[in-house]
Amino acid sequence: MLLLTLVGVLVSLVQFALFAHLARRHRFATALLGLLATHTVIALGTQAVGIFTYPVILGTHAATILGLLYWIDMPKLSTWRSGLAKPWRHLKRADWLLSALLVLASLFLAFPHFNYSGLISHATEPEKTEVTNYVYTYPYFSDEWYSVALAQQSIADKGFPQAHPLIKDAPPLRDLEAPFHAIIAEFLLFFQLDPLRHFVILSLLINTMIISTLYLIGRTLGAVPIAAFVAAASALFITSAANLPGLWYLLPITLGVLPLLLSFVFLMSNQRWRYLIATFLALLYYPPLVVLIIPILLLQLIRNRSWLVTGAATLGVTAVAGALVFGIFATGSEQTVTELAGQIVGTLWYSSFTPNALPQYLIWNIVPGIMLLAGVVGLIQVRWRDRWLVAGILIGLGYWLVYHQNDSRFVIEYQRIIFVTALLLAALSSLGWHTVLSWLLTAAKKAAVSLPTLALSVAVMVVVLLLLPGYTQRDNWQQLILLDLATLDELPPSAPANDYLQASDLSAYRGVSEAHFLAPPWKGTVIGVATDNYPAATKGGTISINSRLFINFLRSDCAGRQQIARSSRLTHVYVPGFTCTGFEEVSQGSETLVLYSFTDTDS
Numbered sequence: 004m005l006l007l008t009l010v011g012v013l014v015s016l017v018q019f020a021l022f023a024h025l026a027r028r029h030r031f032a033t034a035l036l037g038l039l040a041t042h043t044v045i046a047l048g049t050q051a052v053g054i055f056t057y058p059v060i061l062g063t064h065a066a067t068i069l070g071l072l073y074w075i076d077m078p079k080l081s082t083w084r085s086g087l088a089k090p091w092r093h094l095k096r097a098d099w100l101l102s103a104l105l106v107l108a109s110l111f112l113a114f115p116h117f118n119y120s121g122l123i124s125h126a127t128e129p130e131k132t133e134v135t136n137y138v139y140t141y142p143y144f145s146d147e148w149y150s151v152a153l154a155q156q157s158i159a160d161k162g163f164p165q166a167h168p169l170i171k172d173a174p175p176l177r178d179l180e181a182p183f184h185a186i187i188a189e190f191l192l193f194f195q196l197d198p199l200r201h202f203v204i205l206s207l208l209i210n211t212m213i214i215s216t217l218y219l220i221g222r223t224l225g226a227v228p229i230a231a232f233v234a235a236a237s238a239l240f241i242t243s244a245a246n247l248p249g250l251w252y253l254l255p256i257t258l259g260v261l262p263l264l265l266s267f268v269f270l271m272s273n274q275r276w277r278y279l280i281a282t283f284l285a286l287l288y289y290p291p292l293v294v295l296i297i298p299i300l301l302l303q304l305i306r307n308r309s310w311l312v313t314g315a316a317t318l319g320v321t322a323v324a325g326a327l328v329f330g331i332f333a334t335g336s337e338q339t340v341t342e343l344a345g346q347i348v349g350t351l352w353y354s355s356f357t358p359n360a361l362p363q364y365l366i367w368n369i370v371p372g373i374m375l376l377a378g379v380v381g382l383i384q385v386r387w388r389d390r391w392l393v394a395g396i397l398i399g400l401g402y403w404l405v406y407h408q409n410d411s412r413f414v415i416e417y418q419r420i421i422f423v424t425a426l427l428l429a430a431l432s433s434l435g436w437h438t439v440l441s442w443l444l445t446a447a448k449k450a451a452v453s454l455p456t457l458a459l460s461v462a463v464m465v466v467v468l469l470l471l472p473g474y475t476q477r478d479n480w481q482q483l484i485l486l487d488l489a490t491l492d493e494l495p496p497s498a499p500a501n502d503y504l505q506a507s508d509l510s511a512y513r514g515v516s517e518a519h520f521l522a523p524p525w526k527g528t529v530i531g532v533a534t535d536n537y538p539a540a541t542k543g544g545t546i547s548i549n550s551r552l553f554i555n556f557l558r559s560d561c562a563g564r565q566q567i568a569r570s571s572r573l574t575h576v577y578v579p580g581f582t583c584t585g586f587e588e589v590s591q592g593s594e595t596l597v598l599y600s601f602t603d604t605d606s
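The sequence shown runs 4 to 606 under my numbering.
By construction, these hints were calculated from the structure, which means they are not laboratory data.
Heads up, a few of these hints could be off.
Okay, the calculated beta carbon distance ranges per label pair [what the hints assert, rightly or not]:
| no. | residue 1 | residue 2 | range |
| --- | --- | --- | --- |
| 1 | Thr595 | Thr135 | 22 to 32 Å |
| 2 | Leu311 | Leu69 | 33 to 43 Å |
| 3 | Thr63 | Glu133 | 43 to 53 Å |
| 4 | Ala173 | Leu311 | 45 to 55 Å |
The model shown is predicted, which means the values in this text are computed figures rather than measured ones.
Idealized CB from N, CA, C, for every residue including glycine.
Working from the sequences, and respecting the hints, build out all of it.
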């Protein structure tokens, strides 16, 4: 398995180098976009025709390398070979601050799963527990678990992730996020990663690329490397929480925001084809990003009329992305096009997932104060051609303000627009840091004090590294409460980390296969995904299954519990210990839970 993973890494590095070689400007951004586009085309193409297997996708990736080599004409190839013979020339031109940022971001983003210190939540107990150097290699967020389940299903079926992974013999799953799950499945299969145990590694890599893209935006805005580095590194400290997933998680918005940020790099550098491709990928991975893409494009058209053709093409790209998402959504459905379209329209305007309670997401509890200050300074320095950034931030802040006061949602969810807005504020702060650095250098020059750039860069990296040990111990997430509108009570959030799947859960279900079981909703989710069993109740998210059933079971007497088990066709229940006819203890589990088998004594 490790050898095949290394093969995938090697193939990706060769593809990255070839895409970078083809680009005259913004080589890192172009190569990253090329990799995303390649994986997307291969994922959707092979899954559409039912040949989604490791040999096929590996061979297709190898074929793309041959195609790229053919695209590079011989004079360029000979120049490239001569460059490889003298690698120090490339080393001199390398962006070492970007390289350092990639390493630092990877270290920071590894901590939440591989060295977490702080409070964690439990599936069945309201109290949180303090842990130190905690290692948890499973996902934290419910939709991450469902991504794992759908990726497993896609790999098993060799096609689109449409079969319901948690309900046996269920109708096809209708999910507008299916393209995201399809691409995640391709990443996992290509790199031969176990969906359950290695999903967090994929999350780490993609979020590291987001940080690197923020650096590229800062540089394209005109910020000096140190300023862009500080701005991108500060984004690591945007609050991530169980009710506000950020850079610690991998969701459709996570993958969608990566090409969105790349599109801004190409927008500023007037590279229109790359802008179109990046926009298409952003809309494919997370369609609600249209609320930012279209207004920013319109602003660009006002500023530069030569973008009219590109603007029309972008609208076409938006339509194609929408049609592709709809096509995947509708595949295998027996419903009419009108009925399916009605379901999609219903997702444009909807109520919050926390009815009768408003999340209290105050900006200073989410965005680091120093980033906000740098953003204010950067606002003064924004040039007319870069007003798209201000427009994006204003749109995000507008959503933020409206959502703060009511529970209606339009196109994009509250937590997702906050995440994107915070990243745009990080990009804007690069101009603020650039200004501060200019002031500092001017003052040093007047005082006849030398401030070498290299020494300043090293000092900045050392300061960032000093923040690493306490990275997961920040408690801003505790301020992200829910306000109950009926009682005005403040409902505390769950911790950003948890232990919802434990070794004792897996031990309890050893030897149990294809059981239809009832457990606390979170346990139903994680056990259903991690084992070959089907939950009767799950945590709400991409997949939601009767989350009230567990509460109803606990509140019932023995006759009621038998009736629930009978009507729901349960074979097992995983609940706190009890004694009732028809329920026989199988094994002890975690957090006082006991696994019982159920036999219908009335049948």
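_Verdict for Ala173, Leu311 (Cβ pair) under range 45 to 55 Å_ = holds, 48 Å
*Does the Cβ-Cβ separation between Thr595 and Thr135 fall within 22 to 32 Å?*
holds, 24 Å
*Quick one: are Leu311 and Leu69 within 33 to 43 Å, going by C-beta?*
Once the Cβ atoms are compared, 37 Å apart, the range 33 to 43 Å for Leu69 and Leu311 holds.
_43 to 53 Å was suggested as the range; check whether the CB atoms of Thr63 and Glu133 agree with it._
Distance hint for Thr63, Glu133 holds at roughly 48 Å.
Every hint, counting from the list given before, is met by this structure.
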